[in-house]
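Participant: Please build the complete structure, drawing on both the sequences and the hints.
Chains as they are written, first to last, in our numbering: chain A, 33 to 368; chain B, 33 to 368.
Think of the hints as simulated: they come from the structure by calculation, not from any bench. Mixed in with the good hints there might be a few duds.
Each pair may be met inside one copy or between any two copies, as identical chains are not told apart.
[As the list claims (entries may be wrong)] No more than 16 Å apart at the CA atoms, straight line, and that leaves these computed lysine to aspartate or glutamate pairs for EDC-like:
(1) Lys283 <-> Glu166
(2) Lys259 <-> Asp159
(3) Lys129 <-> Asp351
(4) Lys366 <-> Asp331
(5) Lys366 <-> Asp180
(6) Lys259 <-> Glu312
(7) Lys283 <-> Asp165
Number of protein chains: 2
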Amino acid sequence: MKLATLRNGSRDGQLIVVSRDLSQAVLVPEIASTLQAALDNWQLIAPQLTAVYDQLNSGNHPHSFTFEQAQCESPLPRAFQWADGSAYVNHVELVRKARGAEIPESFWTDPLMYQGGSDDFIGPREDILLPSDEWGVDFEAEVAVITDDVPMGTRAEHAGSHIKLVMLVNDVSLRGLIPGELAKGFGFFQSKPASAFSPVAVTPDELSDHWQQNKLHLPLLSEYNDKPFGKPQAGEDMTFDFAQLIAHAAKSRNLGAGAIIGSGTVSNKQGTEHGSAIDEGGVGYSCIAEVRMIETIRDGQPTTPFMSFGDKVKIHMQDHQGQCIFGTIEQTVKQA
Amino acid sequence: MKLATLRNGSRDGQLIVVSRDLSQAVLVPEIASTLQAALDNWQLIAPQLTAVYDQLNSGNHPHSFTFEQAQCESPLPRAFQWADGSAYVNHVELVRKARGAEIPESFWTDPLMYQGGSDDFIGPREDILLPSDEWGVDFEAEVAVITDDVPMGTRAEHAGSHIKLVMLVNDVSLRGLIPGELAKGFGFFQSKPASAFSPVAVTPDELSDHWQQNKLHLPLLSEYNDKPFGKPQAGEDMTFDFAQLIAHAAKSRNLGAGAIIGSGTVSNKQGTEHGSAIDEGGVGYSCIAEVRMIETIRDGQPTTPFMSFGDKVKIHMQDHQGQCIFGTIEQTVKQA
Numbered sequence: 033m034k035l036a037t038l039r040n041g042s043r044d045g046q047l048i049v050v051s052r053d054l055s056q057a058v059l060v061p062e063i064a065s066t067l068q069a070a071l072d073n074w075q076l077i078a079p080q081l082t083a084v085y086d087q088l089n090s091g092n093h094p095h096s097f098t099f100e101q102a103q104c105e106s107p108l109p110r111a112f113q114w115a116d117g118s119a120y121v122n123h124v125e126l127v128r129k130a131r132g133a134e135i136p137e138s139f140w141t142d143p144l145m146y147q148g149g150s151d152d153f154i155g156p157r158e159d160i161l162l163p164s165d166e167w168g169v170d171f172e173a174e175v176a177v178i179t180d181d182v183p184m185g186t187r188a189e190h191a192g193s194h195i196k197l198v199m200l201v202n203d204v205s206l207r208g209l210i211p212g213e214l215a216k217g218f219g220f221f222q223s224k225p226a227s228a229f230s231p232v233a234v235t236p237d238e239l240s241d242h243w244q245q246n247k248l249h250l251p252l253l254s255e256y257n258d259k260p261f262g263k264p265q266a267g268e269d270m271t272f273d274f275a276q277l278i279a280h281a282a283k284s285r286n287l288g289a290g291a292i293i294g295s296g297t298v299s300n301k302q303g304t305e306h307g308s309a310i311d312e313g314g315v316g317y318s319c320i321a322e323v324r325m326i327e328t329i330r331d332g333q334p335t336t337p338f339m340s341f342g343d344k345v346k347i348h349m350q351d352h353q354g355q356c357i358f359g360t361i362e363q364t365v366k367q368a
Numbered sequence: 033m034k035l036a037t038l039r040n041g042s043r044d045g046q047l048i049v050v051s052r053d054l055s056q057a058v059l060v061p062e063i064a065s066t067l068q069a070a071l072d073n074w075q076l077i078a079p080q081l082t083a084v085y086d087q088l089n090s091g092n093h094p095h096s097f098t099f100e101q102a103q104c105e106s107p108l109p110r111a112f113q114w115a116d117g118s119a120y121v122n123h124v125e126l127v128r129k130a131r132g133a134e135i136p137e138s139f140w141t142d143p144l145m146y147q148g149g150s151d152d153f154i155g156p157r158e159d160i161l162l163p164s165d166e167w168g169v170d171f172e173a174e175v176a177v178i179t180d181d182v183p184m185g186t187r188a189e190h191a192g193s194h195i196k197l198v199m200l201v202n203d204v205s206l207r208g209l210i211p212g213e214l215a216k217g218f219g220f221f222q223s224k225p226a227s228a229f230s231p232v233a234v235t236p237d238e239l240s241d242h243w244q245q246n247k248l249h250l251p252l253l254s255e256y257n258d259k260p261f262g263k264p265q266a267g268e269d270m271t272f273d274f275a276q277l278i279a280h281a282a283k284s285r286n287l288g289a290g291a292i293i294g295s296g297t298v299s300n301k302q303g304t305e306h307g308s309a310i311d312e313g314g315v316g317y318s319c320i321a322e323v324r325m326i327e328t329i330r331d332g333q334p335t336t337p338f339m340s341f342g343d344k345v346k347i348h349m350q351d352h353q354g355q356c357i358f359g360t361i362e363q364t365v366k367q368a
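Facilitator: Here you go:
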């Protein structure tokens, strides 16, 4: 099943069911008016939404209309929980290596995760509005899941069943603000402004064989200013799967229905030390910071600048038939 | 005006208007069913709630009933944003001093703030359920405000007008998990489990002279296992006022209506280096960690243990007439 949220002037938007090929959609106010409302009562609501989805795909839903990704909010325009892991330890290792630091051994066994802000996500086709482009504006292409209620203490072996939806993320980051914030010891805040999510969230069954062991086994495609930038396999080099990330998040708290758990920046080693760019025949990267790290390690200093006003990023994923699964995140950095 | 949220089996509870003396309440489903719904449309809704409040206080509301604090959820049982500052730099200085570290000069000009989790707050009279009491369970008595929509880049001189409600917090902390998490560099996550808020949230005008310069000028009362533990003046030694904290939070993001901004642990220097306990004639402390820090600085090691299963904390605030303003947070740590 594929779901999206249509902009309708309200804070939580209007839940719609989207056809598998992303061409058609149906409003479902009689079932659930918002995605959060559906998630709040998922066991009851999901089968009803699935019935609409099946009818829509069969081409005979009487009230279907053309699906416009540009009219979408993030599937949850605001959420009660957004916790972003950093499961691709290659990404972490790269960032550290560039400044000459080793990563602690524990990073391979204990997930990194930060508590994100979730009160005001931006839409998948909305501009990234910021007061300054001198803060080291970067994108981070990631995969994320949405859970139902996860009781405190849920172990990884049981956490996978709580994954109800999968989507993509642009976890916008302000690299210039990160060192100062992390030095203060309280983690990210100003350096992690509003994130954007793919127009469409899909149930894991929709991903068929590509969803295995609580990982999404497809390349995550990033384009930067209309040029291919990254196509790493999201299923590779993911040190912690989504079940492990959920268990980590739920160690000392319940997670409420609609909790979003992110993978962190998708990053592949490609059998080399830290991977390589698409120009060099590699799978590239999912953020500018990694390219800069490679440049720093190789050349002593970075040459690729961070995003300036006018720069744009596209993030999406295709199945083996080249079919777009989640719709596309397409955003331009602009002055607020 | 005083507002609260009654437990009703739903995730967001039922908004009620509470009389000034906390004795009576009224359901207001025809105005707003939840506090979040009221905050989403505050400009329109607040005057209607105020009219009910006035009628309730005059003693002639036809549908009033006895207000039971024990039936309350936290005013927002779940929220879209919970950002907790650390505005009483004395608290920070103490924690650092105990381990022989100075605080950076910037801590006096740039607020510390962490992004909290907000999907599953506990009620003001609910137990603090945790799988273990070996994680250094501590309370932190704080003041918090709830804002309406705060546009990105709002400056401190304009941020005060966005404060719509004030309440108290128990920001439960797991001290034993903090060093490991902070060493990883991503801030708090597992070490900050669900927080609890006072039964009642009040509009700033309700605090009359006690609300000035975006600070709450009254002692914050903590009792630990039925003995007075802290009574520091929340208006003193608050290096950053709530307007400054809001401006800090909104530097690179919009804050959505219903955002909760916390003060951090209230802590007074009392003209001494780091304050003193109530037993010693001082105003005491708002968390166990500070007492342990004082003990460490004085005796070389802490003697007061953190909370064990069965230990209880009470947090509240009274006006100069001894009238309870926010109701009382009363919680016992128990095994999950």
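Participant: At most 16 Å between alpha carbons: which applies to lysine 129 and aspartate 351, within, between, both or neither?
Facilitator: neither (34 Å within a copy, 56 Å between copies)
Participant: When no copy is specified for lysine 259 and glutamate 312, does a C-alpha distance of 16 Å or less occur within a copy, between copies, both, or neither?
Facilitator: The answer is within: 14 Å in one copy meets 16 Å, while 68 Å across copies does not.
Participant: Indicate which option fits the pair lysine 366, aspartate 331 if close means a Cα-Cα distance not exceeding 16 Å: within, between, both or neither.
Facilitator: neither (31 Å within a copy, 56 Å between copies)
Participant: Have a look at lysine 259 and aspartate 159 and pick one of within, between, both or neither, based on CA distance no larger than 16 Å.
Facilitator: neither (19 Å within a copy, 54 Å between copies)
Participant: My question is about lysine 283 and glutamate 166: at a cut-off of 16 Å on alpha-carbon distance, are they close within one copy, between copies, both, or neither?
Facilitator: Cα proximity of lysine 283 and glutamate 166: across copies only (14 Å, versus 37 Å in one copy).
Participant: Please sort lysine 283 with aspartate 165 into within, between, both or neither, judging by C-alpha distance up to 16 Å.
Facilitator: Close across copies (13 Å), not inside one copy (37 Å); limit 16 Å.
Participant: For lysine 366 and aspartate 180, with the copy left unspecified, which applies at a CA distance of at most 16 Å: within, between, both, or neither?
Facilitator: Classified as neither; 35 Å inside a copy, 25 Å across copies.
The structure fails hints 2, 3, 4 and 5 (numbered hints given earlier, in ascending order).
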